[in-house]
Amino acid sequence: EGEGEILHTLRGHEAEVLSCCFSPVEDILFTASADKTLKKWDVDKGRKIWSLKGHTESIFSCCYSPFGKEIASSSGDQTIRLWNARNGRKISTLKGHTGSVFSVCFSSDGQKLVSSSGDKTIRIWDWYKRQILFTFEGHSAVVWSSVFNFLDDKVVSASMDGTLKVWRKDETGTCIKVRTLRGHEHAAYHACFTRDGRYIVSGSADRTLRVWDAQTGVEIGMFDDIHDTVWHCASYDHKVVTCTGDVLKLWDLDTLDGVEPNS
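In the numbering used here, the protein residues as written are 1 to 263.
Worth flagging that the hints you see were computed from the coordinates, not collected in a lab. You may find that some hints are simply not true.
In silico DSS-like pairs for lysine-lysine, Cα to Cα no more than 30 Å straight-line [claimed, not checked]:
id, residue 1, residue 2
1, K249, K36
2, K53, K90
3, K45, K90
4, K95, K36
5, K154, K90
6, K169, K112
7, K112, K129
8, K112, K36
9, K53, K69
10, K112, K69
11, K48, K69
12, K69, K40
13, K112, K90
14, K36, K48
Listed next, with one range per pair, are the computed distances between beta-carbon atoms [said to hold, decoys possible]:
id, residue 1, residue 2, range
15, D254, K69, 30 to 38 Å
16, K45, S140, 43 to 51 Å
17, H8, G245, 17 to 25 Å
The beta carbon of each residue, even a glycine, is placed where N, CA and C say it ideally should be.
Model the full assembly from the supplied sequences, consistent with the hints where possible.
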């Protein structure tokens with residue numbers, strides 16, 4: 001196994017760093033923390049640019065819009081906040097969840113947000129109009145994460161109940177659950193679609209990374225050479241990075257039997 005080179009160590013938060021996201025258009029990083037702040041960093045110089053305050057509880061998640069103009073953050077104060085990524089000005093506050101909001105993610109067109117919460121729901125927002133478009137209900141415990149696929153027509157969620165659920169709108173605009181994916185032996189903390197939409201990957205407290213057929217919901221295989229809880233996973237093409245307690249690992253899905261190589 002190779003080891004990556006540390007370019008900078010960024011110091012400034014006064015509590016755990018719970019999320020981070022890179023700008024899609026420039027060498028800028030945002031971090032979210034239990035100290036209730038967001039911080040903006042110059043990646044090349046390894047220095048803090050400024051801090052954002054507004055949330056009244058830990059900030060669990062932050063996400064850049066696809067065009068790099070806005071930042072969304074979600075918090076234990078049950079709100080989502082939108083910020084201007086350039087000047088730090090607050091754009092809006094979205095209220096509707098009745099529990100901590102553990103994740104927030106933009107759609108690929110930048111027009112919608114999806115959020116997941118301790119209230120066991122997933123919500124789709126028109127963030128510009130500050131409206132809840134849809135609410136998905138079905139998990140029996142905290143929902144840790146939810147993300148769109150790259151066509152923005154489906155959402156996958158991961159929950160403390162150990163399941164993943166895939167959701168979409170039907171022809172009438174009603175939100176429906178497409179299927180429930182079962183296989184993890186403990187809480188599922190994160191799931192995402194591969195860019196081609198063919199697979200879902202998920203990480204769990206059972207110390208596995210599992211790969212699922214996104215169309216059928218069948219589990220194709222798993223990577224179990226992991227010695228800690230998988231808190232987060234992110235996919236680019238058929239490469240997946242996992243975040244455990246103190247280790248990042250990169251996995252190649254094409255090494256699993258049953259996965260069709262990415263063309």
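Structure-based check of each hint:
no., hint, in the structure
1, K249 to K36, "holds (28 Å)"
2, K53 to K90, "holds (10 Å)"
3, K45 to K90, "holds (26 Å)"
4, K95 to K36, "holds (17 Å)"
5, K154 to K90, "holds (29 Å)"
6, K169 to K112, "holds (14 Å)"
7, K112 to K129, "holds (10 Å)"
8, K112 to K36, "holds (24 Å)"
9, K53 to K69, "holds (18 Å)"
10, K112 to K69, "holds (14 Å)"
11, K48 to K69, "holds (19 Å)"
12, K69 to K40, "holds (13 Å)"
13, K112 to K90, "holds (17 Å)"
14, K36 to K48, "holds (16 Å)"
15, D254 to K69: 30 to 38 Å, "holds (35 Å)"
16, K45 to S140: 43 to 51 Å, "holds (47 Å)"
17, H8 to G245: 17 to 25 Å, "holds (21 Å)"
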